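Modelling step: build the complete structure from the supplied sequences, incorporating the hints.
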Amino acid sequence: AQTVTQSQPEMSVQEAETVTLSCTYDTSESNYYLFWYKQPPSRQMILVIRQEAYKQQNATENRFSVNFQKAAKSFSLKISDSQLGDTAMYFCAFASPYNNNDMRFGAGTRLTVKP
Amino acid sequence: DSGVTQTPKHLITATGQRVTLRCSPRSGDLSVYWYQQSLDQGLQFLIQYYNGEERAKGNILERFSAQQFPDLHSELNLSSLELGDSALYFCASSVAGLAGEVSSTDTQYFGPGTRLTVL
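In order, the protein sequences belong to chains W and P. Going by the working numbering, the first sequence runs without a break in its numbering and finishes at 116. Going by the working numbering, the second sequence runs without a break in its numbering and finishes at 163.
Everything labelled a hint here was simulated from the structure, so no lab data went into it. For clarity, every value in this text was computed on a predicted model and none was experimentally measured. The hints are all genuine.
Here's a subset of chain W near chain P, in silico, CB distances under 7 Å, partners left out: (1) R44; (2) Q45; (3) F106.
So these bits of chain P aren't anywhere near chain W, every CB distance computed over 12 Å: (4) T57; (5) A58; (6) G60; (7) R62; (8) R66; (9) R107; (10) S109; (11) L127; (12) V162; (13) L163.
We treat Cβ as the ideally placed atom computed from N, Cα and C, and that holds for glycine.
So, in structure tokens, the structure goes:
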């Protein structure tokens, strides 16, 4: 069974600085997808970034980028130039096309951006 | 706005009752997924439907059931409610979600959730 682990329950960062959130996962499959979702206080789940395992290039979306290390089964999220609006719960998630793509989520990291 | 709609936003009911949560997927999406998020916890996958058929089951209780209608909207039925069923219930949709299709994108887009409170 696939499992997703986020070892940092809480993190904080100063506005405009850079922060990295960690995520590791466990799977025996060779092809899968990884996601970071953001859940602000409104509780809406917002897709931040996604990575296909067969792609070697790390995904980037504006200030958000990932460091995908397939052999190490690691998928960290880097937020550059942190903004107050980045304050949220961040969930790492795994989905496999061989398992109907239902997602397995980590426990989340609560990020606070301080002014 | 993800394009996925859920109603109602909030629901307050008593133990032993039955409720129905509704989800309309994004236009063109055939798959609907239901998730439960209990207080300060991560999301647990409940069930998936693809084009009207049940595709996958997760940690869904026997008291819970779901269906997807011909117009692709989905309903999650929760019966014999218990205090522990209080949670945020999310619906997500994706284009496909077929097992084994390596090329499918299947990014899931989430609705705003329904907050269920069982008193």
